[in-house]
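Taking the hints into account, I'd like the entire structure generated from these sequences.
Sequence lines, in order, name chains C and E. The first sequence stops at residue 443 when you use this note's numbering, and every number in between is there. The second sequence stops at residue 1252 when you use this note's numbering, and every number in between is there.
Honestly, the hints are just simulated from the structure, not real lab data. Just so we're clear, the structure is a prediction, and the values are computed from it rather than from any experiment.
Keeping only pairs whose Cα atoms sit at most 30 Å apart, straight-line, the calculated DSS-like set for lysine-lysine is:
#1 E:LYS1063 - E:LYS1126
#2 E:LYS1125 - E:LYS1151
#3 E:LYS1190 - E:LYS1129
#4 E:LYS1063 - E:LYS1025
#5 C:LYS374 - C:LYS138
#6 E:LYS1190 - E:LYS1134
#7 C:LYS374 - C:LYS259
#8 C:LYS399 - E:LYS1014
#9 E:LYS1108 - C:LYS399
#10 C:LYS48 - C:LYS138
#11 C:LYS399 - E:LYS1063
#12 E:LYS1125 - E:LYS1139
#13 C:LYS350 - E:LYS1151
#14 E:LYS1151 - E:LYS1126
#15 E:LYS1005 - C:LYS399
#16 E:LYS1108 - E:LYS1134
#17 C:LYS399 - E:LYS1125
#18 C:LYS399 - E:LYS1151
#19 E:LYS1139 - C:LYS350
#20 E:LYS1139 - C:LYS259
#21 E:LYS1139 - E:LYS1190
#22 C:LYS48 - C:LYS350
#23 E:LYS1139 - C:LYS399
#24 E:LYS1230 - E:LYS1247
Sample of chain E residues at the chain C side, in silico, Cβ under 8 Å:
#25 ARG1050
#26 PRO1072
#27 GLU1073
#28 ALA1076
#29 ARG1077
#30 LEU1082
#31 PHE1084
#32 ILE1088
#33 PRO1091
#34 ALA1102
#35 GLU1105
#36 GLN1158
Only some residues are given here: those of chain E computed to face chain C with a beta carbon under 8 Å:
#37 SER1048
#38 ILE1090
#39 GLY1092
#40 VAL1093
Idealized CB from N, CA, C, for every residue including glycine.
Chain by chain, the residues:
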Amino acid sequence: MVPGTANNFRSWLREHSQLGEQSQFSLSASLRAPSLAVLETEAFPTRKAEEWRYTPLKQLLAQSIEPLTGSSIDTDLLEQLKDSLTTAYRLVFIDGQFSSEHSNKLTDDFPAGLNIQLMAELDPESRQRAEATILTSKLSDDNIFQHITRGLSRAGLFIKLDRDIEIDIPIQIVYLSSTNSGVSCSTPINVVCLEENSRLQIVEQFASLKGTQTVTLPAEYIHLKAGAGLVLYKIGLESEATDHISNTSVQVAREASFKSHQYLLGSRLTRSNMEVHFSGPGGEALLRGIYLGDNSQHLDVRTYLDHAQPHCRSDQHFRGIMSGRSRGVFNGMVLVREQAQLTDARQSNKNLLLSRDARVDTKPQLEIYADDVKCAHGATVGELDPDALFYLQTRGISKPDAALMLTRAFAAVITQEIQIDTLRSQVHNEIAQRLNQIETSHV
Amino acid sequence: MLSIKDLHVSVEDKPILNGLSLEVKPGEIHAIMGPNGSGKSTLAHVLSGRDGYTITSGTVQYKGLDLLDLAPEIRAREGLFLAFQYPIEIPGVNNTSFLKKALNEIRKHRGEEELDAIDFLGLIKKQMKLVEMKEDLLKRPVNQGFSGGEKKRNEILQMAVLNPTLAILDETDSGLDIDALRIVAGGVNKLRSESNAFVVITHYQRLLDYIVPDFVHVLSNGRIIRSGTKELALELEERGYDWLIEKSETSS
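Written as C-alpha cells, this is what we have:
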C-alpha cells in the first residue's frame, strides 16, 4: 500500500470504484463486484513479492489521476498508424473513448460472421458470451491490475468470428492518448472468441503524443476453439511518460493456433503478461517479441505457457535491446503437466546491452512433469560482437554506424517474421529511428 | 606509400613485433613469410587498427599520414584494405547492402558522389565475375553459411569493389583448395596496377606461384630477418625456415 496524499493512484481507484450506471462500464455489475472487492482489500504488490521484485510501481502509484477527456487528437500520428496497414477494419479509441469518426461503422462495415461490438454496449447474447469467456479464462498471475481493468473498464471490444470463416483483412485497434493536462488512466478490456476453424489477424497499436502522461491497463481474454487460428500483433509506442501494464489470457483448444508478435518500444514502465493455456491436444502457440529500452525505461515481458494437454507445441523467441539506464526483464515460464506427453516447447531469450548502465534480468523457467517431451530453452545477455564491429570498420564504416547495423540486424531476426509487409516496415523503421536516437544521444 | 620504421608492438606486455621495418612503393607486391608465431598476423592487425595491441615504439607512415593515429574506418577510407584470415560472419546484415554502405563511405571520404542502388549493382555484378562467385551469395548475410572458399572469395570481391591503394592479404591461401586459390590469386592479379600495392602474408610458398611478388621478406621473432626476391620463397620451400632463423640468431 502506498502511503501518502489523497491525490494518488489508490485514492483515484477508491473514488472510481463505486458501482455506477451499467451503461458506462464494459462489464456487468455482477462481474465487476468481485474485482472491486479485490481493489478494496488488496494492497499493490511491493518489490518483496517475487513476481514484482523487478517492477518498480512507485512512480505509477504516486500519480494523481485526472478524468479521461477524449480531447482533440494529433491527426499526423493517427495517419501514420493508419498507414501501417493498407487495408484494415479499423477501430480507434482516443483517450479511452471510442472514436466513431476514425473507425469503421460497427454495424455494417464488417463481413458476415464477424461480430464486433463495444464492450459497454453489448447485446444480451454477446454479453453472456463475453462474460463467460472472461470467467473461464485463466490467469496464473492474478494481479491487481487485471482487477482494476475488470472493475473500471469503460472501453474495449468484443470480437467474435463464426466457424469456418477466414478473414484476410486484419482488424486494427488503435489506442491513442493525447491528454496534455495531468495523468489519465485507460483500462480497455477486449474479448476475442474465434469459433471452430475460423481465422483472424488483429493488430493492436498503443500510441501517445510526446509528453502525454497515461496509465494504460489493458486486459485481454482470448478463446480459440478447435482448429481456429489467431495472429495478434501488439505494438507499444507510447511516450516515455506512460505506464503500461497489460494482461492477456489465451485459451487454445484442440489444434488451434495462436501467434503473437509483441513490439514493446515505448513507455516509462511496460509490463506485459501473456499466458497461453492449452485446453485441447495438438494446439500451437508461437510467441515473438522485441523490447527496446533507452533512458530509464523499464520493460518487463512475462509469458506463461501451460501445457496441460498432450501434443501441443510452443515456440517463444524474445529479444531485448537495452541502452541508457534502461532495464529489461524477461520472465518466461513453461509448465508441462504430467498428462502433456509429446509436448514440444522451445524458448529463447537473447539480450543486447548497449550501455554500461543498462541491465537485463532474464529468468527462463521450465517445469516438466511429463516424461516424453522435447523442451529447450536458452537465455543470453551480451554486448555487440567486437570482431564484427572491427570487421565493418575495416571496410570504412564508422563504429557508431557499425553498431547500428549490428543492432538492427539483431532485431531483424524477429521483425522479419511479421507477415504484413507494411506493418513490418513500420516496425522496422520505428526500431531504426529509436536506435538512431540512442546512437546520437550516447555514442 | 607505406613506410614502417623500427616497429615494436606488444600484447599484454608480451613483445610480438621487435623492430620491424618495411618500405612498400606503388606497383609493388611484397610477400611476408615466416613460421607460426613470428608476428605475421599481428602486423596485419596493427596496420588495420585492431584494438588490443600496444605500440611501444616505431612509426608507420602511409601516404604521408601517421597511420597509427587513424581509426580503422579512416584507414579504410584512405584506401587501406585487410583481407581477413578468418572472415567474420555477420548474421542479419545483408552482404550487398553492407558492401554498398562501405563503398559509399569511402567515396564520400574522397569527395565523390555516392553510388545509387542500380549503379552499385552494375559494379558488383562485374566484380563478382572476377572471383567467380555465385550471385545468390549477395542476398545472404555477410559470410553466414559461406564455405571457407566462399568467404575468401567474398574478401577478394570486397577488395575489388572497394579498390584499395594498399591491400594486406592475411593468409588468404589458408584453407583453400587449388581451384579457389587460383581464383583468388587471379582476382588479385587483375586488380594490381602501377598505383596500388599488396602485402601478401603467407605461410606457404604455394600462393606465390600464382601471385608473383617483387619482394619476399622472412619474419621471425617479430623482425624481418631476410629480404629477397621471389627466389627466396622457393629456397624456403626447399629448406624450411630453420636454417634462416638459426643464422639470424647466431649473427645477432
